[in-house]
Amino acid sequence: MTLDELPDIDPAAGEVETAELVVHDDVLVKLFALGPDGAFDPHVHDDAT
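Numbering (this note's numbering), first residue to last: 4 to 52.
No lab work stands behind these hints: they were computed from the structure.
If you're wondering where the values come from, they're calculated on a predicted model, not measured in any experiment.
It is possible that part of the hints are untrue.
As the list claims (entries may be wrong) - Distance condition first, Cα-Cα at most 20 Å in a straight line; then the derived EDC-like pairs of lysine to aspartate or glutamate:
1. Lys33 <-> Asp50
2. Lys33 <-> Asp49
3. Lys33 <-> Glu18
4. Lys33 <-> Asp13
5. Lys33 <-> Glu20
6. Lys33 <-> Asp11
7. Lys33 <-> Asp44
8. Lys33 <-> Glu23
9. Lys33 <-> Glu8
From just these sequences and the hints, can you work out the full model?
Dropping the structure here:
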């Protein structure tokens, strides 16, 4: 598995943009990009290992 290129993400002030970089049956790699003053609430995936 290789990652050749990151998506073009440019969040505005106060915004959060996401992208899924790798998706397989048992793997998800997700990118979170926060603009200036951007924030997101943490959360828990109860069924994740």
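So, against the hints stated earlier in the document, which numbers end up violated here? none
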